[in-house]
Amino acid sequence: MMPIGYYLFLSMALFLIGAIGVITRRNVIVVLMSIELILNAVNINLVAFSRMFGDVAGQVFALFIIADAAAEAAVGLGIIIAFFRNRETVMEDEMDLLKW
Amino acid sequence: MQDDAAQKQTLLGADELVLNMGPQHPSTHGVLRVKLKLDGERVRGTECVIGYLHRGVEKIAENRTYQQFAPYVDRMDYVAAVSNGLGYCEAVEKLLNVEAPPRAKVIRTIMTELQRIASHLVWLGTHALDIGALTPLFYCMREREEILKIFEKYCGARLTTHAFRIGGLQYEAYDSFEKDVERFCKDFERRIQEYVDLLTGNSIWIGRTRNVGVLNAADCIALGASGPILRASGVKWDLRKAQPYAAYDQYKFEIPVGTNGDTYDRYMVRMEEMRQSRLICLQAIENIPAGPILGKVGKVLKPPAGEIYHSIEAPKGILGYYIVSDGTTQPYRVHIRPPSFVNLQALDKMARGHLVADVVAIIGTLDIVLGEVDR
Amino acid sequence: MSPTLHAVIAFLQTWWVELVSGVVIVAVVPLITGYMVLMERKLMADMQARLGPMRVGPHGLLQPIADAVKLLIKEDIIPDDADKMVFWLAPVVSMTAALTAMAGIAFGPAFEVARDINVGLLFIVGVSSLGLFGIVLGGWASNSHYSIMGALRSTAQLVSYETAAGLALVSGLLMAGTLNIRAIVDAQYSSGVWFGFLTPVAFFIYAVASIAETNRAPFDLPEAESELVAGYMTEYSGFRWACYFLGEYANMIVVGAVATTLFLGGWLRPFPRVHWLNWLDAVPALFTAAVGVYCALRAGKQPVRVQVWFMWAVALACFAVALILAVPLAVAPLKFMVPGLNGAFWFLLKITGYIYLFMWLRFTLPRYRFDQLMHLGWYILIPLAIVNVLAVGVAMILEMEYGWNRWLALIVTTILTLATALFLLRLNDKRAAAATSAVPPEGPATEDSYAG
Amino acid sequence: MLDKVIFFFFAGVAILSAALMVTRRNAIHSAIFLITTLLATAGIFLQLRAEFLFIAQIILYVGGIMVLFIFVIMLVNLDVALHQIQFSRQKWVALLVTLALAAEVGVMLWSSRGIPGQGFLLPNAAPASQLPANTEALAGRLFDAYLLPFEIASVLLLVAMVGAVVMAKKRT
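Chains as they are written, first to last, in our numbering: chain F, 1 to 100; chain A, 1001 to 1375; chain L, 2001 to 2452; chain H, 3001 to 3172.
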């Protein structure tokens, strides 16, 4: 088992790239994908620590995160489709009204 | 119908989407282009674009003598060439008010009924192939091969036979004609059972054909549809019984009639018609009367000026010939009422509200041949 | 020598079996797929009163090689404003998904690439579901209207039938209690009977769902020639199209292998624990010998001389295989090889039988319409699969807690499932009948036909 | 030694495709690169001997969620979206902020290296051979200690399904 530091650096890198994605991209779908990436980075940490302490609880929690990511993606994409049907665009800047 | 090319094609916007089932589409039975107006998967309306196979047969007829035009008639419905020839020859005989000798009439009936079976076999094979069943096509082609062999032995050609002449027949029936036809009819009984086993009880086949392309009797009559399509909607109208021609009045056979005019009924009607044709052939070959095969028709035909309309029951429906003669050797005008062209009008009414996959099944059940539609 | 060289040699020493079998899969599978295509064409021809490919090699036996060469030489057309990268990637994804899934399959007790990872079966099902991307991206990249419709349709079909297949597998795995392939087959050996007989409904659902999953037979809607020309594969030609084709047939092998492992007792011979049937162990050798004799007899009748030699070569190959299978039976020290070789034979025989069923259905049944297909998937297969999982669970409890005989419990629960199936079908027929009558056909009421 | 090679391979693929995912203009390309990242992460789970998560990641994440994404991108990704500028105007500021964050975390990890008990030198993990069979252990823990969260997760998924269906239904 390699020292935990490698995994921490890897998940930090993925987290940062995800954060950059969320902040800089205008297309809502790519923002949603970056959030998925951030969730993935968190998963790596969880599994790394669970492996190190030999306790499988971390992996159980990672499973819950995947379930949550699925729910979040489903509802998020539902919103995007509903929004796209009204405004014909998926750019964040146009989402400036609470009710259209 | 104005061309709505400017239609905004949005997958999600779901307003009208025009899809071209183009002239070279594998399942349009020849060069037929159907412009489908789709709402998602459902068909809102269809528009047939035809004329890709137009050869101007009726114009050519105006400067051909009556005998010279006979071979052109076979090229119209190339799947049922013999019945085209029969219709034309009987029309001109009516014009000349000459009667074909009884022996010629019986042989003509046998050949036409064999051609009806062959045409229905082509329909069954391609219709099943369009709906996905791969095997019936080859079984049907195997039987059709037997019939084409009989034609070849009789008049040398398989597809566009030009088997009949105005006034009777050109060739005497070859000596083993009766034996061949009898062997085919005996064997065909078992073959039809093979198609029935494959398709009739098949739940997927019923699922794909039941209640698809429904055409009730009133619409049929309004649209002028004829043949198996008309009979499947419950109208018992068959020219072989209503206006008997050739030797049909000498034989006993029934006219199959459907109930609710959907694709499944049309399938059952045509299958039953094949059985009936087989019975007619069996009855006919028992006693082919001896005697001459050509009536008293001179080399040069100069029918008296006038016009006639004569129609026969072709495999696809009512095939009519309207000939106007001006006393010379060449007809003044020959107009042909092809069954496929008229039946094609029903496509729009049948396909409305169905899915794209059903349009393919509906084109199959209409049994159209583009040579006949475009002339 | 430098430490890295040591490490590499150490690596090779421990993992050489996996590497070799990996290379074997990637090399041999295209050949097997080619001959599966030939087998299918020959079978179709036989059922359609014709001969099938006869021209290349004796009885068309060299046809797959000819096809492969043709596909390699064919010009590779890329639609003009297609998405180059995705257009290239899609067939590759579809093929790699199928081939990697094959790594998990155990073709016999001894022949397994991924040395029994304890999520064996799930690995195969999971990776083979990645083939979906090949189809979606392929349809999208060749941006012609037909292929997008084909891609959307086949994705919807795959996703819905994967659920049904997954649930059917779950009820099978309940019986086995583990995901590890070797343990599943051992469980079937210890219970003495194949799970296909214990949970017939699950086997049936899985068979139907796997046909739909590989886009074949009555469910081959995406490439329904008559409607959408060729679905997502319309714009592909040459080698790329061959990749898709390879992916589809490899997927068939994978699906067949999963069904055989879980429901048909993997590499167990029929009636594995019945001792007076032990002569069945000799069947593999006899079977191959019989095939060899047949080829030898037919060799004499070949018209062309090279075909005679070829048939003799095939006959000799069969005799060699028969010898390999027979010798360990007779010679005592080689006894340990018997389960490995016989196991592989039985496994391959069962997969061939399963795939023969696929092909048989393709030749006889017409094609479902898309909404009927989805209706069957969602309204009938998935509820039935769920009920079956419950039923098998109930049966297991009855057997463990209340000590019922295993067979009795399973028969009772299977009857229960079939009762629900009948109820489902009747419910659907009533609903379908109501649906058709409810939709008033836009007949003369709205538009007078005479108006034309 | 083998572990290191596998880890660096998968980590490299993950970071590279994540970076590509964020920078691609075409949404489908970024979706494909996200799939490669997810598969690389699955590889890392395998390297950490978490087989069930390796499979869960492939089936649920790549086989489930990413199909959803690609479907929506196909439905929504009209050429009008392509021409619009993909990056917001203040992307350089955002980059700067994230790099500052990265530097901060790096310094924290690096400085704690020397102090025993923190940072890298935590107790060494058990060797791979003594690990219990992963799926059984996970299942055992999931269904006794974490049964309540398991049920809540299923309710969450149900709510998400209902929400998505209501959202995407046509306003007829």
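For the record, the hints were derived by calculation from the structure and aren't laboratory data.
Cβ coordinates follow ideal geometry from the N, Cα and C atoms, glycine included.
Don't take each hint at face value.
To be verified - Partial selection, computed: residues in chain F whose CB lies under 7 Å from chain H:
#, residue
1, 14
2, 16
3, 35
4, 37
5, 38
6, 45
7, 51
8, 64
9, 74
10, 77
11, 81
12, 95
13, 97
14, 98
15, 99
Claimed, not checked - Below are the DSSO-like pairs computed for lysine-lysine, each with C-alpha atoms no more than 27 Å apart in a straight line:
#, chain 1, residue 1, chain 2, residue 2
16, L, 2074, L, 2084
17, F, 99, H, 3004
18, A, 1094, A, 1186
19, H, 3091, A, 1037
20, A, 1241, A, 1186
21, A, 1252, A, 1179
- Item | Non-conforming hints, listed in increasing numerical order | Hints 3, 5, 6, 12, 13, 14, 15, 17, 18 and 19 are the ones this structure does not satisfy, whereas the remaining hints hold.
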